[in-house]
Amino acid sequence: MPTVEKTGLAANAAGRMVPESVNGRRQVPYLGAGKYWPAGLKASAPIRTAANYPANGDKRVSDLETALRKCGLRDGMVISSHHHLRDGDRVALMALKAAARLGVKDLMWFPSASFPSQKDAIELMEAGVIDHIEGSMNGPLGDYCTQGKMRGMGVLRSHGGRWQAIQDGEVHIDVAIIAAPAADAFGNCDGSHGKSACGSLGFALADSIYADYVIVVTDNLVPFPCVPWQIQGNNVDFVVEVDSIGDPAKIVSGTTQITRSPDRLRIAEFVARFLQDAGIMRNGFSFQAGSGGISLAFVSYLKEMMKQAGVKARFVRGGSTKYLVELLEEGLTDYILDGQTFDLDGVRSLANNSRHLATSPFTSYNYHGKGSFASMVDAVVLGATEVDTDFNANVVTHSDGRLLHGIGGWQNCLAAGCTILALPSFRDRIPVIVDDVTTLCGPGELIDVVVTERGIAINPLRQDLIDAVKGSKLPIRPLEDIKNEVQRICGGKPQPRKHSDRAVAIVKWVDGTVLDTVWQTA
Amino acid sequence: MSVATTLQAGEAGHCGADIRSDLQVRIEVRDGGGLRIELESRVGSFYGDSIRRQAEEVLEALGVRHALVEIRDEGALPYVIAARIEAAARRAGRGMGTRVLPDRIALPEPSGRDRLRRSRLYLPGSEPKYMINAALHGPDAIILDLEDSVHPREKDAARLLVRNALRAVDFLSCERMVRINQLPLGLEDLSEIVPEYPDLILIPKVESAAQVVEVSQHVEKIKADYGITRPVWLMPILESAVGIENAFAIAKASEQIVALTIGLEDYTADLGVPKTSTGAETLYARQHLVNAARAAGLQAIDSVFGDVGDMQGLHAWALNSRALGFEGMGCVHPSQIPILHEAFAPTKAEMDKARKIVAAFKEAQDQGLGVVSLGSKMIDPPVVQRALKLMARAEAMGLTQ
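Note that the protein sequences, when read in sequence, are chains S and D.
Sequential numbering of the first sequence, starting at 1, is according to our numbering.
Sequential numbering of the second sequence, starting at 1, is according to our numbering.
The shape of chain S in the complex, shown without the other chains (with noise of 0.2 Å):
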């Protein structure tokens, strides 16, 4: 029977109801954004002596379990991976695997994210070897979850807020497993090359540097040096080669086509005509665009209105995909600064353009970092699953209370100086723009811009864009007049929602404090 510890529960300064105590750990509510300043020093890795490792810098073991046992792994530990491979990765599962043969126990699973392929870690919890998942959890995972079967807490942090989590000391890497397309025997690694490439390995960065022990996971050992390498052999432990880290055709991920759907690109249309009356596309701008349907297509209508300005982004961050890439190869932009790679001619661009580079959490989203690229970013467009009146967003659950995605990227990017978010403004007979969202994930004062197919909506705290668009075509009008519409045409308010009292997992904010809480669906 899950086990989930009897906590107190508290209003944060958002109003919403939260844990004050996960997993043995005493938390810290929400403040609001930018409130919370903690103090002290960052946590470390434990000191290591070269003289302990082999001189000839091969530091291969012949299998995971090998390395495991090596690692000293026991009950209780935290095991990390990365998702770079995406649905693809076969790494995290073959060494949670690794770690039951062991007979290990109780481990925290620390993924920098979860993918529906992984659904065998469900068997793993049933066993007792994995405990609990802090990570995003969506498919089948997050239903596990929500269901109530998890027996600890899912806790789900944005990439900025992994790192953020490592470095104050909240979560301690025991053993970190990292996945690399390419390594050298030392354990320098790369993600931009092999069969299995996977362009940038940021995510594993903070990992490599903060965890006891250091996996190094490979299909392609080159000899030494593996070059580039963006993880550093220096902070490796064990090297183990495998015939397949992933499968490829589901490393780059199914979602990097183009919307058709006329309503989307009426959408993605809107975006980039926003971008554009506001005045902030021009010369030496900067934007950040996601890799779903709506996200692309923005890209492509952008790109053809820069053309034709005459002008030109210093800067776009990715995940990066075949159409920035088309941006950079045009000259329409200086630099992609990706944060993870989507697709092939990403993974190919990264490889061969110095003007492509790969960037980690730390550089981009980091809430301990002395500050970070997200905010020195002029628009970000991002999608959700709900928004309030208030500009509150969802990007977690279903409106029926289900995990559906992680945080990735989303809450940290809401700094930058334009956050919009597009979306259609119901799906099938469901709002989207709601009265009350189910999982508050990013504070309305940090949202600028609701773009659906029925509107565009300014935060009134905006004043500055509301005034820039003046005398624009673009149908402006109160997100209160698109939700009246909407309801109107979904036949009156939804019941109701549903849940129990029972919370199954917290969304964190990016400073690490608790923004809200996932029930467990009734």
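I should point out that these hints are in silico values taken from the structure, not numbers from a laboratory.
Heads up, some of the hints might be wrong.
Dumping the calculated DSS-like pairs for lysine-lysine here, alpha-carbon to alpha-carbon at most 30 Å [claimed, not checked]:
#1 D/K356 / S/K473
#2 D/K353 / S/K473
#3 D/K348 / S/K303
Once you have looked at the hints, place chain D on chain S.
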């Protein structure tokens, strides 16, 4: 204890993982036991209660009191739910002569005889998912199609869905057209459709004036029965060699006709030639149709361009259409709409010239001169008329600022 026996059953609508915004309803009418509604819905946690309530109300109105009702809903909107339940009940032999109509939104302004008809977007009459957002893409008209895009087995159900869409869906400033089936089935369509104030009826495969007269009389009778006074315009579609030869007679068949249009798939099939992207094989038919329409004072509207991936081909076809005298085309995808609006707009050079002619005409009028001249050239009255018409059209398209 008595066990209720099933008398008759009926089924309507669609469900499945790939279906959106529709539902499947199966009704087993029984001789006792009341209503039992079994609902499975993608949106059950939001609208489950509302769907059950609506099902009960619709069945009550149709006089179905004892039945097992199985509903599998894929997020259908209320007007769709009502239409599917009504269709299933009728197929189970219930509710004949009764209509269960969804709430009617405010009726748009009646449509004008000479309004812009550059683009008309076809919407299959049995596909609810395309209807709700169609008008957002800004076509001059939408066509709720009951003919070729609807399977013969679905004609009765599509008719109810289209009827409900005319009442409940906001098509914004689009002209609301319905393409009925060929006669005599088309007459049954009219009985459901005309009471809901369509702006225009497209009559398919017209070959003679008599067919138009029959439709026109039927429409007028229904209008009289319901006390409808606003116009319901007609647009015959000529799709055969005979139809083309009779174009002028057809154009003169009814005062309610505002335009003639042509269906090239059927026409080329009738000729026994392949349809090409340049359209050389249909040049005669299209020119003949334009001439007949203009002779009767009507708009000539071209066929659809079927390849939705070929925007350049569409643009070239539309420019040629305009040059032949057509004023618009059909669309099978919203992405075709802006291309058509651009192609059917007057060019800048045409507008500049027309503006000068109109200015000269006004000046001549102000000075009481009978002759209009521009520079050293005298301008004939038909040239002035054409310039005035072009500027009026440009203004309607929002091009004159």
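Each hint, compared with the structure:
Distance restraint check for D/K356 and S/K473: the Cα-Cα separation of roughly 29 Å lies within the 30 Å cut-off, and the hinted pair is therefore satisfied. Between D/K353 and S/K473 the alpha-carbon distance is near 28 Å, which keeps this suggested pair within the 30 Å criterion. In summary, the hint linking D/K348 to S/K303 is supported, as the alpha carbons are separated by about 26 Å, within the 30 Å threshold.
In summary, this structure violates none of the numbered hints.
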